[in-house]
Amino acid sequence: MLELKNVETGYGHIQVLHDVNLTIHAGEIVTLIGANGAGKSTTLMTISGIVPCRRGQILLRGQEIQALSPDKIVALGVCQVPEGRHIFADLTVRENLDLGAFLRTDKVGIKQDLEYVYSLFPILAERRHQSGGTLSGGQQQMLAMSRALMARPQLLLLDEPSMGLAPLIITQIFEIIKAINKEHNTTIFLVEQNAHQALHIADRGYVIENGRIILADNADKLLSNPDVQKAYLGI
Amino acid sequence: MDYFIELFCSGLTRGSIYALIALGYTMVYGIIGLINFAHGEIYMIGAFTSFIVATVLSIYGFPLAAIVVVAGVAAAIWSSAYGYTVEKIAYKPLRHAPRLAPLISAIGMSILLQNYVLLAQTSDFLPFPELIPEFAFMEPIAHIIGSSDIVILLTTTVVMLALTFLIKFTRIGKAMRATAQDRTMALLVGINVDRVISATFIIGSALAAIGGLLIASHIGQINFAIGFIAGIKAFTAAVLGGIGSIPGAVLGSLILGLTESFATGYISSDYEDVFAFSLLVLILIFKPSGLLGKAETKKV
Ligand SMILES: Nc1ncnc2c1ncn2[C@@H]1O[C@H](COP(=O)(O)OP(=O)(O)OP(=O)(O)O)[C@@H](O)[C@H]1O
Ligand SMILES: [Mg+2]
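As you go down the protein sequences, you meet chains B and Z in turn.
Residue 235 is where the first sequence ends in the numbering used here, and the numbering goes up by one at each step.
Residue 300 is where the second sequence ends in the numbering used here, and the numbering goes up by one at each step.
It should be emphasised that the hints constitute simulated quantities derived from the structure, not laboratory data.
Just so we're clear, the structure is a prediction, and the values are computed from it rather than from any experiment.
Just so it is clear, CB atoms sit at the ideal spot from N, CA and C, and this is done for glycine as well.
Some clues are possibly wrong.
[To be verified] Mimicking DSS-like on lysine-lysine, the simulated pairs with C-alpha atoms at most 30 Å apart in a straight line are:
#1 Lys111(B) / Lys174(Z)
#2 Lys92(Z) / Lys174(Z)
#3 Lys5(B) / Lys221(B)
#4 Lys174(Z) / Lys88(Z)
#5 Lys107(B) / Lys168(Z)
#6 Lys92(Z) / Lys221(B)
#7 Lys111(B) / Lys5(B)
#8 Lys221(B) / Lys294(Z)
#9 Lys72(B) / Lys221(B)
#10 Lys168(Z) / Lys287(Z)
#11 Lys5(B) / Lys72(B)
#12 Lys287(Z) / Lys88(Z)
#13 Lys221(B) / Lys168(Z)
#14 Lys107(B) / Lys174(Z)
#15 Lys5(B) / Lys182(B)
#16 Lys178(B) / Lys230(B)
#17 Lys182(B) / Lys221(B)
#18 Lys107(B) / Lys221(B)
#19 Lys294(Z) / Lys174(Z)
#20 Lys72(B) / Lys287(Z)
#21 Lys221(B) / Lys178(B)
#22 Lys221(B) / Lys111(B)
#23 Lys72(B) / Lys230(B)
#24 Lys111(B) / Lys168(Z)
[Stated by the list, open to error] A short list of chain Z residues far from chain B (calculated; beta carbon distances all over 10 Å):
#25 Leu118
#26 Phe125
#27 Leu126
#28 Thr157
#29 Arg177
#30 Ala178
#31 Gln181
#32 Leu187
#33 Gly190
#34 Ile191
#35 Val193
#36 Ser268
#37 Phe275
#38 Phe277
Let's have the full structure, built from the sequences with the hints guiding it.
Structure below.
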């Protein structure tokens, strides 16, 4: 589905990603874990075309996308829920959701997906006329994910969906990530600090340190890897 | 009392013209965080375009209503072309540069356009044809409000309603609001932000051009420098209302227009600008974000 080959990016004179290689197969949940500042968000922003890729290739179903503009990449079915949610605060919940479907024209399908996300998160249906900025943190996360789902993505990039949420909500969010993956066969690339939960729902995982991928393995193998346990699982 | 109402009406007229120009400042600022100093010149170019079209058409003896419409459309299109081009050549290449760079580029563009019109046209004041006749049915109240005031008020009202509709309900309007609030997220939902920015410049320029036509016909003369003072006044109005806020720009413009009108009427026309800018200073001291502006305008 997605393949990064020798990707390097940075900001100004600082290089952040060094020779990043990773592969995500269709239908998988793949997680990327790493410490603060390791380059996880930068990796997602590079895939989405927001941070320009300086060297290397990003292939989506074999097609090079590293030179495309962000809107073209969304049109190819890659959507991101960025870190910090980025809700359009002055727009209503409903308008936020409509914007998720910005590039779609199939009215019937959009309506179905709206019903679908309302069924996943009934609170959003209840609050649909309220402005996005007035939602609680957890509700905003639900809205951010729903907005991405409204694009009916083939590949969903999630940047720390559990950040700042209560344990109960985290469990719910992870359940829903799994459900989206199962029911819609949506491929998921999940960036997390919460390595434990992430590795439990993921098929495979990558570990990034200082902009370099230092480990890649099946999720259960990573869970039992002593280095990972020490550094990211607090065991 | 009649005098008061007369001043009130002329203040509203003035304010609604300012609003047409101020909207361009505030919309561009809302989307890319730039004070487009060349915007006054776009308005001036709109006035010149409508002058040329109206003069030619009246030579051929077209009816007044047709002249107004054709001149207005031509001015809107021509000014939009300028606004679009200015953004592409002077601001877009500087989008990731430090904030001062596009600002200076904007001042440069303003000077360039003024001098270009000065050279291409003339430095003299040109008599602008009177496009709006005195309507017979206005006769009884003509001492309070003139026909052209009424036309200006009606036109701006219609334009504002159309703009509100566009921003609230259309696809491009939603894209504009999204881009103004969060550019990165707008990109992530698939909005072509370059296109949104262009659309903003086009809409703002068209509004300014309509303002140019209306005021030129109201005052009866134009020259290459009219964009400067009108630009500063409209900018003041936009800041007064809270730059970046569309209702703010309209409110600020009306307040400014009324203040000037009353100051001129009750004190002296010499103090018109003093009052306008004192108002700005007071707002900047007591409510720097403007009347309807957001306190935290942290634009990156
Ligand atoms: N816009 C930016 N300009 C300059 N440097 C940046 C920018 N964004 C990120 N960086 C730098 O790039 C490095 C990687 O940042 P990134 O946000 O990708 O980390 P992360 O792995 O997502 O961390 P976290 O877990 O804290 O979100 C950091 O050193 C950061 O300082
Ligand atoms: Mg991050």
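Results of checking the hints against the structure:
no. : hint                  : in the structure
1   : Lys111(B) / Lys174(Z) : holds (18 Å)
2   : Lys92(Z) / Lys174(Z)  : holds (22 Å)
3   : Lys5(B) / Lys221(B)   : holds (24 Å)
4   : Lys174(Z) / Lys88(Z)  : holds (22 Å)
5   : Lys107(B) / Lys168(Z) : holds (19 Å)
6   : Lys92(Z) / Lys221(B)  : violated (49 Å)
7   : Lys111(B) / Lys5(B)   : violated (38 Å)
8   : Lys221(B) / Lys294(Z) : violated (51 Å)
9   : Lys72(B) / Lys221(B)  : violated (36 Å)
10  : Lys168(Z) / Lys287(Z) : holds (27 Å)
11  : Lys5(B) / Lys72(B)    : holds (20 Å)
12  : Lys287(Z) / Lys88(Z)  : violated (34 Å)
13  : Lys221(B) / Lys168(Z) : violated (52 Å)
14  : Lys107(B) / Lys174(Z) : holds (17 Å)
15  : Lys5(B) / Lys182(B)   : holds (28 Å)
16  : Lys178(B) / Lys230(B) : holds (26 Å)
17  : Lys182(B) / Lys221(B) : holds (22 Å)
18  : Lys107(B) / Lys221(B) : violated (44 Å)
19  : Lys294(Z) / Lys174(Z) : holds (19 Å)
20  : Lys72(B) / Lys287(Z)  : violated (42 Å)
21  : Lys221(B) / Lys178(B) : holds (19 Å)
22  : Lys221(B) / Lys111(B) : violated (41 Å)
23  : Lys72(B) / Lys230(B)  : violated (41 Å)
24  : Lys111(B) / Lys168(Z) : holds (20 Å)
25  : Leu118                : holds (39 Å)
26  : Phe125                : holds (44 Å)
27  : Leu126                : holds (44 Å)
28  : Thr157                : holds (25 Å)
29  : Arg177                : violated (6 Å)
30  : Ala178                : violated (5 Å)
31  : Gln181                : violated (5 Å)
32  : Leu187                : violated (4 Å)
33  : Gly190                : violated (3 Å)
34  : Ile191                : violated (6 Å)
35  : Val193                : violated (8 Å)
36  : Ser268                : holds (43 Å)
37  : Phe275                : holds (33 Å)
38  : Phe277                : holds (31 Å)
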